[in-house]
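Number of protein chains: 2
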Amino acid sequence: MMIKSPRFINRNILRGTIYVSVAVFAAACSQKKENSQEVTSKATDELQNLVQYVDPMIGTAKMGHTYPGATAPFGSVQLSPDTDTIPYEIDGHYNPDVYKYCAGYQYDDATIVGFSHTHFSGTGHSDLGDFLIMPTTGNLQLNPGTETNPDSGYRSRFSHKNEHAEAGYYSVQLEDYNIKAELTATTRVGMHQYTFPKSEASHIILDLTSGIYNYKEKNVWTFVRVENDTLVTGYRQTNGWARTRKVYFAMAFSKPIAKYGQENHNDNVYKGFWRKFDQSTNFPEMAGENIKTYFDFNTSEGEKVKIKFAISPVSTEGAINNMKVEIPHWDFEKVKQETQNNWNVELNKVQLDPINHDEMINFYTAMYHAFLGPTIYMDVDGKYRGLDMNIHQAENFTNYTSFSLWDTYRALHPLFNVLQPKRNSDMINSMVAHYNQSVHGMLPVWSHYANENWCMIGYHSVSVIADAIVKGNTGFDAEAALMASVHTAKVPYYDGLKYYMEKGYVPEDKNGSSVSKTLEYAYDDWAIAQAAKKLGKDAIYNEFSKRAENYKNVYDAKSGFMRPKLNDGTFKKDFDPLNTHGQGFIEGNSWNYSLYVPHAPKTMIEMMGGKETFSQHLDSLFSMDLPDKYFENTEDISREGIIGNYVHGNEPSHHVVYLYNWTDTPWKSQDKIRMILKAMYQPKADGLGGNDDFGQMSAWYIFSTLGFYPVAPGSDVYALGSPAMKSATLNLENGNKFKVIVENQSEENVFVDKVLLNGKELKQPFIKHSDIEKGGELNFHMSNSPNKTLYK
Amino acid sequence: MMIKSPRFINRNILRGTIYVSVAVFAAACSQKKENSQEVTSKATDELQNLVQYVDPMIGTAKMGHTYPGATAPFGSVQLSPDTDTIPYEIDGHYNPDVYKYCAGYQYDDATIVGFSHTHFSGTGHSDLGDFLIMPTTGNLQLNPGTETNPDSGYRSRFSHKNEHAEAGYYSVQLEDYNIKAELTATTRVGMHQYTFPKSEASHIILDLTSGIYNYKEKNVWTFVRVENDTLVTGYRQTNGWARTRKVYFAMAFSKPIAKYGQENHNDNVYKGFWRKFDQSTNFPEMAGENIKTYFDFNTSEGEKVKIKFAISPVSTEGAINNMKVEIPHWDFEKVKQETQNNWNVELNKVQLDPINHDEMINFYTAMYHAFLGPTIYMDVDGKYRGLDMNIHQAENFTNYTSFSLWDTYRALHPLFNVLQPKRNSDMINSMVAHYNQSVHGMLPVWSHYANENWCMIGYHSVSVIADAIVKGNTGFDAEAALMASVHTAKVPYYDGLKYYMEKGYVPEDKNGSSVSKTLEYAYDDWAIAQAAKKLGKDAIYNEFSKRAENYKNVYDAKSGFMRPKLNDGTFKKDFDPLNTHGQGFIEGNSWNYSLYVPHAPKTMIEMMGGKETFSQHLDSLFSMDLPDKYFENTEDISREGIIGNYVHGNEPSHHVVYLYNWTDTPWKSQDKIRMILKAMYQPKADGLGGNDDFGQMSAWYIFSTLGFYPVAPGSDVYALGSPAMKSATLNLENGNKFKVIVENQSEENVFVDKVLLNGKELKQPFIKHSDIEKGGELNFHMSNSPNKTLYK
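Chains as they are written, first to last, in UniProt numbering: chain L, 1 to 792; chain H, 1 to 792.
Hints are computed from structural coordinates only; laboratory data are not their basis. Certain hints may be false.
Identical chains share a label here; the pair holds if one copy fits it or two copies do between them.
[As the list claims (entries may be wrong)] Capping the alpha-carbon separation at 27 Å, the derived lysine-lysine pairs in DSSO-like fashion look like this: (1) 259 <-> 510; (2) 760 <-> 602; (3) 490 <-> 271; (4) 737 <-> 629; (5) 383 <-> 324; (6) 572 <-> 276; (7) 100 <-> 276; (8) 611 <-> 754; (9) 306 <-> 324; (10) 552 <-> 573; (11) 629 <-> 726; (12) 792 <-> 763; (13) 573 <-> 739; (14) 255 <-> 503; (15) 510 <-> 271; (16) 216 <-> 271.
In isolation and in its complexed conformation, chain L is listed as follows (with noise of 0.2 Å):
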């Protein structure tokens, strides 16, 4: 009963704590009053300068799939290089190397193509790039040339020694024109600052043919028009990973442009009395699939031109008011403070004490790239596109979007649980607004800019959902949002449910990545049982408990693996379980997705043999040595992305060493948990072991480092395992404050020795949401060896 529609008052008290309490921080809560939904962060009484020890630049090498550019918090521009220019496919065939440019920089790259305004951070498929900015002098180039001859385009060479990327501000050197880009970027606006040199011919370019994954006709419209000398305006319209999007735009100068015009390579285009005109030229229209767009300006030395771009989901209206509440003025440095102050106050949820200076460099940059998404989908105004295609209000919430649903359930949802406990609301809001807008009267699978795009299995929508009621964290319509899960749970066309609900599994043969998929669903079940139960609905929870034992019906007690069986009931022949590939699962081998069932570990671990033995088959899969031919044709992750045949760089795996906690050797997690940090996050461009999944792969180094981890999201229990740092404070939404202190903390004392919780010593491995939402100490003492009598 106390769930019940809950939401405004929740709202209420959650802004009354905030604007009460943030006296100290009126400067770093500077975004404008419209936009105050966005800016949710409790302050705490010291805001301390952890901008400094973000590095954008992590992750951008190899797998890590981030971008270096200029973002806010959550932000919906996120303003970034682009370093190339591939094509989705090369002769009708899928181009591997596409795979690199998911966030659209690579850091091994010599040449800056240009600065795009939106980019999905750290995601192992992609979409975006919309709407590439570049600034040249001299002949005007309007392709963007290659790698290898960058002077055959627009893109420049550029040097890292010449850039520099801070969270909420970006700057390089762009060598072939002598031009210094900055970049810096409120919620819906990028702004852009270029230092010219003197010049009778600077060019802004605006191609619109650019984007990520650039899929053959992705672009389905493209439409410009100059509304007077300082402004543009325009949309793009694609289909790729989102089948049917579409992102306006409005483009402020600091100066008026001296001349413009297009390219516009539009033969399936309808020509008509269009002809009549002269479009090449200061023509202000233009329409087709392929226009490139550049404007040009006679610059002195040192002159500095400036851009505002607002995006928007609605319509350039809608940008134009984005821009006008947001950057009113032409003071680039202040869109800068006022970002950069943004992201103090959030990073300034958790104040560390580490034990050595990289940790900081790694703590802040996870929590800098936990904090990228999901993105803000909406306008000042409240408005933004459903997936129906048409306009919402998004009454009393902030409408999110970039729900990358498979990886971040796991731990960065439960992480926005006690760090960003208003924002999980809404975006949870968000979700159930999708379901109603669901012509299928589905929860988001992966939420995309007013489109589904399917990517990934299960409905962890639902996840997300039972674990905020379960948690209390409920800013939203909690019975709707069971509802909604409910529905979702039973849609039968969706990937093999049907036969799920009617055989407790998905048979192999009928559908494909099945054992994964009854994995995930059977945990997604226990999920909305748990959900139900803390709502009171004894059907509902017992139904879906019910399904929650699905996992049984995949496992064969005779190989001691999950394994696929078939419409018959027979497993399936020629198993190998180290195979990621045809063998029933997806993105992990059996042998890691056996370990699925997070859900409930004590049935999994005596089902598979027992505490003993499964605390050795666990140590077998750090051990292990797995032969190279099972790394071909994986996708995703590094050969450093693997210990053993412990995959960190990859999902599946990332409650899997904290499942030592439910045998009799929960110390064995300690040393491997310290050692998965240590060998997973560095503090380099090519230091992320894998994706980081638009946040999942630093959840987890956040709790980690923390000292506990959400093994099963819907349960209000963490498992504890190794804090990897001196202390830490939790500056709570609610103005509670939950320290971390580890005594006798070092690099090798990786062991813990004992846990008290309120000066209390614990003799289980675990705490309680509520410990943490209270307020309070835990207390970890370290040792060099381990404790084998711990929690006992």
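Given chain L, put chain H in place with the hints provided.
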């Protein structure tokens, strides 16, 4: 001063008039109150059943380009059969056959492909044909098939015997399926009623790939959602005559869909994770460039399946709302009755006593054609899409689109100033809104579903505006409209205008069709001057009066014709005044266009040798024998559309016959007008002498039948002709009646012996607009021989 911003005052006065005086026509004005802005008709004392005289089949053969389907007055929906699916290009070349299908239907065709919801009436280029629906039985076929082999597709044979068209209603027996199809429509909703045979395989096909002028890759994107088992929504986005056009729909079925599916050949559409679904059957979400959908039902013998199909320029939400407001029930007969009542209200604006029955058919079909467009372009809540692609709210006016202005400024909008002043004011409000949204700062040339298609030449919005201002019909901000006119007339990059402004003519070597442009700009400039004069704007009056004389710059006294001049000031050599191609003219030859100085006939006549010479010159126009070679490559008109070298089938000559009024031989116009009326307008499918051009041809017929014609819109003067009826009562919106009574009228008595206005004999062949507005009586006395001293 009187005219300054009188919009709201005038409107309220008009509204008051309407709603106070309509007591007897409550039934006629039966559209919803929400929708009332579209029912502005002044009711007469007695509503005659004039719908019975409307024959929508007239003009559906050959070059009339009218459609026979169902529509409401000025309705957004034109639900009409399409008889073939013609590709715009064959092997990369323009397919001339497409021209026949501007309105989707050709009378001589033997098969119907289906019924689509949007059609232009009478245009000489085309687009639309959105959302083709076809009911079938038996084997499901999703391609239309060919006329030669109709069994190869979903099309059906039909016979005119079993086809019936009325204003607001159409029915046909689809022989191949034994289905009776019936169509009716409100402003924004088409209603279908299909009487099926008994069948377990009854289908309703919705083919989103179908369209008129189906340019290659015309479909930019289509989107369909099956919201529930009776409601489907979506949109179609095209690139064609309108460059960036989007129409939304909501389709409701009277009985639940048993099964549905799609054919979706979208090779260039990214499939991604959508592959995980079987999207072919019962999958509620469809998107791509080329979607065909079907909806299956079991039907009993004689079962009626009904469809309500609403469209919206804004959103599917808007379409659903339009449907709810306009047809909140399933009573097909009621919709038909209400729409036909609305037609009767419009048709009764002129009550005619004819010479013969055919004339009733011709006249009321002309009235019907004249009131088909411009079409209403906004949702019931006043929202519409603007030229900037943003959604706008029409504040206190009804927004219209589809302004075929090069045609309709001549007689249609002047006719509206007599019979539809409220609508004409709102059309001007729509033009000014277009201007405000135009990035060019231009009034519409051819306003087309939130697009400018730039078809034809001139800037004739200014004529429509000036005509309304001069005639005192200013339910719009007259000063703003004048300033928009001035702005429009000075856009230098528009179609030779820079040269025209610099040199006083468009040089043929710089911009083709230069003489036509020079002449039409000069006329338009005169119109601006007249509006300025009325509003007391002397500077504008002087400036544009001077520009209005530019016609003199292209007159070649030596040849006696208007002749293309080159940039160096010399006339073009190798000049053939009879050829319509490559001679500096468009849709007319020099012979006809040389008479195009409607605003200064007196000066023109002097320039061309004086009254007597000119009168003989005109005679030869009608009597000369035009060699066949001049018909080759002539679009738009039948051989029948020409009398001598007088081309009634195209617009530039429409005022020509009335020019005799400025000579000493006004009687020469009289028999010719009667001849043109007879020759060019006949009550049969191929009865129109050329494209109806969205009512312009019909407006000529209406004016000329009534006995007067607006030679120069922007003047308040009408030239008298020879009325072709016995009497007519014009029921004006201001409540006044203007009667034209013709004595001694007969088929032979085509000459006017005497004219009296309110009992007073006229000494000039002219009346003023105020003479009509005030109400009164115009009496013609006819004779079978010319009265050569008339008007002397």
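Each hint tested on the structure:
1. 259 <-> 510: between (60 Å within a copy, 23 Å between copies)
2. 760 <-> 602: Cα proximity of residue 760 and residue 602: one copy only (26 Å, versus 109 Å across).
3. 490 <-> 271: between (49 Å within a copy, 24 Å between copies)
4. 737 <-> 629: For residue 737 and residue 629, the Cα distance exceeds 27 Å both inside one copy (49 Å) and across copies (94 Å).
5. 383 <-> 324: both (16 Å within a copy, 24 Å between copies)
6. 572 <-> 276: between (67 Å within a copy, 21 Å between copies)
7. 100 <-> 276: between (44 Å within a copy, 25 Å between copies)
8. 611 <-> 754: within (22 Å within a copy, 117 Å between copies)
9. 306 <-> 324: Answer is within; shortest intra-copy Cα gap is 15 Å, inter-copy 49 Å.
10. 552 <-> 573: within (18 Å within a copy, 93 Å between copies)
11. 629 <-> 726: neither (41 Å within a copy, 97 Å between copies)
12. 792 <-> 763: within (6 Å within a copy, 120 Å between copies)
13. 573 <-> 739: Answer is neither: 52 Å inside a copy and 95 Å across each miss the 27 Å cutoff.
14. 255 <-> 503: Neither, since 67 Å and 34 Å both go past 27 Å.
15. 510 <-> 271: between (49 Å within a copy, 20 Å between copies)
16. 216 <-> 271: Classified as both; 22 Å inside a copy, 12 Å across copies.
Checked against the numbered hints given earlier, the structure breaks hints 4, 11, 13, 14 and satisfies all the rest.
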